[in-house]
Amino acid sequence: MKNGLKDKTKEMIAAYGFLMPNLLGFLLFTSIPVLASLCLSFVKWDLLSDGPQFAGLKNFFELLKDPFFGKYCWNTLVLMAAIPLSMAGSLLLAIALNQKLKGTTVFRTIYFLPTICSGVAIFMLWRLMYNANSGLLNSMIAQFGDMLGLRLIGPNWLTDEAWAKPAFIIMNVWQSVGGYNMILYLAALQGVPRDLYEAAEIDGANSWQKFWNVTWPQISPTTFFIATMSLIGGFQAGFDQAYMMTGGGPNGSTTTIIYYIFNNAFEWYRMGYAAAISWVLFLIIFAITVVKWRFFGKVVHYT
Amino acid sequence: MGNHIDQLIQEEMRQEIAASASRSKRKVVVKAVTELKEKSPLKLRLQRGALFLALLVGAVSMAAPFLWMISTSLAETGQVFAENRPWWQEWLPMSFYWQNYVKVWAVVPFAQFYLNSIFVSLCITFGQVATSAMAAYAFARLSFPGRDKIFFGYLATMMIPGAVTMIPVFILLRHFGWIDTYKALILPGIFSAYGTFMLRQFFLTLPKELEDAAKIDGCSYFKIFWHIILPLSKPALATLTTFTFMGAWMNLMWPLIVVNTHTKYTLPVGLAYFQGVHGTDWTLLMAASMMMILPILLVFIFNQRFFVEGIKLAGIKG
Chain A
73 MKNGLKDKTK EMIAAYGFLM PNLLGFLLFT SIPVLASLCL SFVKWDLLSD
123 GPQFAGLKNF FELLKDPFFG KYCWNTLVLM AAIPLSMAGS LLLAIALNQK
173 LKGTTVFRTI YFLPTICSGV AIFMLWRLMY NANSGLLNSM IAQFGDMLGL
223 RLIGPNWLTD EAWAKPAFII MNVWQSVGGY NMILYLAALQ GVPRDLYEAA
273 EIDGANSWQK FWNVTWPQIS PTTFFIATMS LIGGFQAGFD QAYMMTGGGP
323 NGSTTTIIYY IFNNAFEWYR MGYAAAISWV LFLIIFAITV VKWRFFGKVV
373 HYT
Chain B
5 MGNHIDQLIQ EEMRQEIAAS ASRSKRKVVV KAVTELKEKS PLKLRLQRGA
55 LFLALLVGAV SMAAPFLWMI STSLAETGQV FAENRPWWQE WLPMSFYWQN
105 YVKVWAVVPF AQFYLNSIFV SLCITFGQVA TSAMAAYAFA RLSFPGRDKI
155 FFGYLATMMI PGAVTMIPVF ILLRHFGWID TYKALILPGI FSAYGTFMLR
205 QFFLTLPKEL EDAAKIDGCS YFKIFWHIIL PLSKPALATL TTFTFMGAWM
255 NLMWPLIVVN THTKYTLPVG LAYFQGVHGT DWTLLMAASM MMILPILLVF
305 IFNQRFFVEG IKLAGIKG
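Chains as they are written, first to last, in the numbering used here: chain A, 73 to 375; chain B, 5 to 322.
For the record, the hints were derived by calculation from the structure and aren't laboratory data. From a predicted model like this one, the values you see are computed outputs, not experimental measurements. It is possible that part of the hints are untrue.
Derived DSSO-like pairs: lysine-lysine, alpha-carbon spacing no greater than 27 Å straight-line [claimed, not checked]:
hint, chain 1, residue 1, chain 2, residue 2
1, B, K47, A, K172
2, A, K174, A, K282
3, B, K227, A, K78
Construct all of the structure, not just a fragment, from the sequences and the given hints.
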């Protein structure tokens, strides 16, 4: 009995020893900051004056009336048009790569490249490609026009308010179409039982009917999973690309929620206001997560 | 994992159905299917050819920007803007002006950015994998008071966006006087609830027998962790290592927030700065970008299976 107690104490000491480094970091850089952020959202503080001034719900009321916040939320939503486009592309690609054609591995690697290399370097590349005068895209458009005997002039992609968002959407689809989502779809397709297709073939179903009645319902959990994860990612996205390519412009048309938080906190030192926006962002993400929980019953879905 | 079990169940059901079906009936089915498949080999072959062609066109458009990047990075400055070039000269390197790659190192403290990025990314990766693995071992295998409550705390914070914590962490680091230091770049990146969660889930799947045997032999918990758990978890550890390193290497926003002298810049901030100063020198910009992408490309080419496995192991964006 005594020995057993001793073993338990030993195990406990060992456990806390293993846990301690991570737990200390977790408390210092995650849990305490979460609480601090909640407190911050009720104060006004520019880091320079004597200290935080209690403001109650003022930050949140201000947010409701802030025309920029509404605009940037709208920007974030519009840029998320890339999600369904890229998902459809991922599914098509996965179906094509699932046909056991020659060179599938090579194709998969090439399609995966933009996802792997995403980041600052790629945004710089696309900034040059979108350059209105000598960028790759517009010179291709012009040369295509020459071939047809027309004089085609490409748009000012990144400096025209009407074209900046479509430019970002095209780039984002290019970046994500062959990436993680395609791999998830590929795994899901390989999980569809073969005899369902055989049964459908016996019933005389054509390719489209097989897709619509067998494949699509069978892979719907994956579709739902990708959609929710992309939505959660989409609401927090858009900083790196806008910072590198447009600085949030032209006329604020590529500024997203996360960029507005960054500007408020670290450009204008409006710590309380930035914290309040970040909590609105949290609420949006929380709502999506709850929907996801309802569906999967767990935090992370295993494929 | 759920899918895997489903697959097993479905496989079993399939076999049962197959066994219970009468032989003759089965023959008819098989015959019908083969007939359908052999119906029009030419049409099928054409379809597959068209599909291959479509995939090829897609692959070219995926790779084209990279080709353009390479050829621009190797061009002489005047060449990029040359009018009336035939279209293929945009894509293929027409010259090999390697000097661009050398020039980058001279124009900005690129070597310093590179070293900073390597140092910071390695520290974050090592720290995160080590602390996550240790904590995950405690959560998965040891019992101690408050374990489930603490673990629930970890889970609960996983859905909180980084934007929420980044402001207080900045204020905290400022309070410590750590702004513009390597500590500020590295420490907040080390502790990850997600890494702990992922490794815990993996450790739970490991068989317990080896550990029990080791315990009877009087092995310490650390020895068990070091000699049994870690060697068995190489795939999960490799996956976490790969993704952590990539995340740290690419991170733009955090270094932008906590660092403000050139000598502390990591590559992404360095590139942003470079673009601000030499924004019109395309050849240099592309050479610098190539050099930033290269290490990641190498990691990807040699660890490709970890990417694929990692995604399948757990929804990676969670």
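Comparing the hints with the structure gives:
1. A C-alpha spacing of about 17 Å is found between K47(B) and K172(A), which places the hinted pair at or below 27 Å, so the restraint holds.
2. Taking the CA atoms of K174(A) and K282(A), the gap is about 24 Å. The hint holds against a cut of 27 Å.
3. Of the pairs offered as hints, the one joining K227(B) and K78(A) holds, with about 19 Å between alpha carbons and a cut-off of 27 Å not exceeded.
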